[in-house]
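Asks: Residue numbers (this note's numbering), protein chains in the order written: chain A, 8 to 267; chain B, 8 to 267.
Rather than coming from a laboratory, the hints here were simulated on the basis of the structure. Ideal placement from N, C-alpha and C gives every residue a C-beta, glycine not left out. Some hints could be false.
[To be verified] Partial pick of chain A residues on the chain B-facing surface, computed with a CB cut under 10 angstroms:
#1 Val108
#2 Trp150
#3 Asp263
There are 2 protein chains.
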Amino acid sequence: MRVAVVQTCPIFGEVKKNVALALSLMESAAADLYVLPELFNTGYNFNEEAELKTLAETAESSTFRMMHAWSKNHACYIVYGFAERADKIYNSAALIGPEGVRGLYRKVHLFDRENLFFAPGNLGFPVFELPFGTIGLMICFDWIYPESARSLALKGAQLVAHPSNLVLPHCPDSMVTRCLENRIYTATADRVGEENRGGRNLKFIGSSEIVAPNGEILCKLGASDPAISVVELDLALAKNKQINNYNHVIDGRRPDQYHA
Amino acid sequence: MRVAVVQTCPIFGEVKKNVALALSLMESAAADLYVLPELFNTGYNFNEEAELKTLAETAESSTFRMMHAWSKNHACYIVYGFAERADKIYNSAALIGPEGVRGLYRKVHLFDRENLFFAPGNLGFPVFELPFGTIGLMICFDWIYPESARSLALKGAQLVAHPSNLVLPHCPDSMVTRCLENRIYTATADRVGEENRGGRNLKFIGSSEIVAPNGEILCKLGASDPAISVVELDLALAKNKQINNYNHVIDGRRPDQYHA
Numbered sequence: 008m009r010v011a012v013v014q015t016c017p018i019f020g021e022v023k024k025n026v027a028l029a030l031s032l033m034e035s036a037a038a039d040l041y042v043l044p045e046l047f048n049t050g051y052n053f054n055e056e057a058e059l060k061t062l063a064e065t066a067e068s069s070t071f072r073m074m075h076a077w078s079k080n081h082a083c084y085i086v087y088g089f090a091e092r093a094d095k096i097y098n099s100a101a102l103i104g105p106e107g108v109r110g111l112y113r114k115v116h117l118f119d120r121e122n123l124f125f126a127p128g129n130l131g132f133p134v135f136e137l138p139f140g141t142i143g144l145m146i147c148f149d150w151i152y153p154e155s156a157r158s159l160a161l162k163g164a165q166l167v168a169h170p171s172n173l174v175l176p177h178c179p180d181s182m183v184t185r186c187l188e189n190r191i192y193t194a195t196a197d198r199v200g201e202e203n204r205g206g207r208n209l210k211f212i213g214s215s216e217i218v219a220p221n222g223e224i225l226c227k228l229g230a231s232d233p234a235i236s237v238v239e240l241d242l243a244l245a246k247n248k249q250i251n252n253y254n255h256v257i258d259g260r261r262p263d264q265y266h267a
Numbered sequence: 008m009r010v011a012v013v014q015t016c017p018i019f020g021e022v023k024k025n026v027a028l029a030l031s032l033m034e035s036a037a038a039d040l041y042v043l044p045e046l047f048n049t050g051y052n053f054n055e056e057a058e059l060k061t062l063a064e065t066a067e068s069s070t071f072r073m074m075h076a077w078s079k080n081h082a083c084y085i086v087y088g089f090a091e092r093a094d095k096i097y098n099s100a101a102l103i104g105p106e107g108v109r110g111l112y113r114k115v116h117l118f119d120r121e122n123l124f125f126a127p128g129n130l131g132f133p134v135f136e137l138p139f140g141t142i143g144l145m146i147c148f149d150w151i152y153p154e155s156a157r158s159l160a161l162k163g164a165q166l167v168a169h170p171s172n173l174v175l176p177h178c179p180d181s182m183v184t185r186c187l188e189n190r191i192y193t194a195t196a197d198r199v200g201e202e203n204r205g206g207r208n209l210k211f212i213g214s215s216e217i218v219a220p221n222g223e224i225l226c227k228l229g230a231s232d233p234a235i236s237v238v239e240l241d242l243a244l245a246k247n248k249q250i251n252n253y254n255h256v257i258d259g260r261r262p263d264q265y266h267a
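Bound-form chain A, shown alone (with noise of 0.2 angstroms):
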C-alpha cells in the first residue's frame, strides 16, 4: 500500500482555504492513505476556549463532507486531525473513506495549553481494520508516552497514522525508537509555518516523517514548506515481530517484573 504523508501551512481560522491546500497537495500524488496534520482545517494557537467554540465541527459536517467527497472520487482513506465538537471539544483525528467515518480519535495526552481548552481523549487507542491493513490512531505529543505506540501495537496496529503539529525538536527522532520498540510503521503528517497570536509565537517544525518497523526513515520533509511524500510500504513486514531467533518484541515483554 501506499502512504503519503501531507505537510502544510494551515492559516488560522481559514478553514476553507486550508481544505483546498491540503487537497492540492493530495491532488499531486497518487496514495492509498493520506495522513494529513493535527487540526489542519483550523489552524493551532487558539486564544480561548470561545475562539475554539466557534471553529470547531462535528465528525460530519463542512470539513468531513469535503474530505469525504475527494476519498470517494479517489477510492482512498484519509487521517486528519481537527477540532471536534461533541458532549465535550476534543483534539481529535478521523480516518475517513470511500465509505464515510470510519474510526475517531480523541487525543489522550493534551499539550501544553491545549489543555485549558480541549477535553481530554475517552476512546483509548483505537485501530481499525482497512483493506490494505490494520491502521492505528495517535496525534502529535501522544508520541512521547511510549504507552500510546505500545498500546496502538498490542492492538494489532501495522501502521500508525500521527496527525501532529510539532513545536519541540524531538519528535521525529523519537519516532525511530517507536517503530523499532514495536516494529510498526508510522506515518507523522506535520505542519509548516508561525502563528504569532496573542503574544504567543508558535513556529512549527515540519520534518514529517514515515518510518519502518526496522527503524529506517523512509522519507523525511523540510523544515519550512508544504510538501507531500508517498512511501510503498509492505505492512506484513509489521506482522513478523521477531528481531532474531531468540527475541520477539512483543512476546519477550515480562510484566511480571515491570513496575506500572
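Once you have looked at the hints, place chain B on chain A.
Replies: Just chain B now, kept in the frame of chain A:
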C-alpha cells in the same frame, strides 16, 4: 555528582586483564560513580553453557574483591556487568561501594543467544539510594523495552546506569528518547572491539553515552577505542518531571486509556 562511563575492550576469558584495563582507565578520571560495560570481566561471545559456567562468579568473588578494594580506596561507587553464579547463571550488574555490594540486577530481557545460557532476570528493575541520588540499573537490550526505563523512573531513579555490549546500531539514539519520556539521566557504558569465536564474529559499537533529562547528549565516546568520560550531573533536575505548566511527564500518564 560526577558519573563516568568506562568504555573497555575485554579480551574473552581474560578476567584479570580485563579488570586491570578497566581500573587503569578509572585511575585516569575521578568520579563518584563509574559505570562499566556488561560482562566487562569475561567477554561476551560464549560458545556454550559449560564455558559460561567456568567464567561465572558469585557476587562476592574475585572480580568483586578487586573492584571493592578500588572503590574503598577511591571512595566511589561502581556498576559493572558480570556473569553471576547463583541458583542459576544470570547476566547481572553489581552496584558496589566502599561498604560492599549495594545492589544486584539480573538482566530481564536477554538478547539473542544469551537465551541459551543465562536464566532470565528475576529481581525486577531495582533502584538504590546512594549519597548523591537514586540510581537504577538496566543492561543493554533492556533499552528496547520502554517498560525497563519506565519502571526505574516510576521507582524514583534519577540516573539509570546501563552496562551494555551493543552490536545493533540503534541504542545510542534511543537513549535520548528514554531520557525524554522519563525525564531521567542515563549513562550507557558500552564496549568496543570484536569477538570472533565459534564462527560468530561480533563487532561492538562503543558510542558510550551520557544523556540528560532534556535529551541533551552530554558525552558520547568513539566506536573503536577504550576510553572514559566523566560528566558532572545535577541529579535534582531528574526530579522535575514538569515539561511545561500543564504537562508532568509521569502524572500525565493515562493508564485507563492504554491497552496492556
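Asks: Now, for every hint given, state plainly whether the structure supports it.
Replies: Verification of the hints:
no.	hint	result
1	Val108	violated (21 angstroms)
2	Trp150	holds (9 angstroms)
3	Asp263	holds (8 angstroms)
Consistency with the previously given hints fails for number 1 only.
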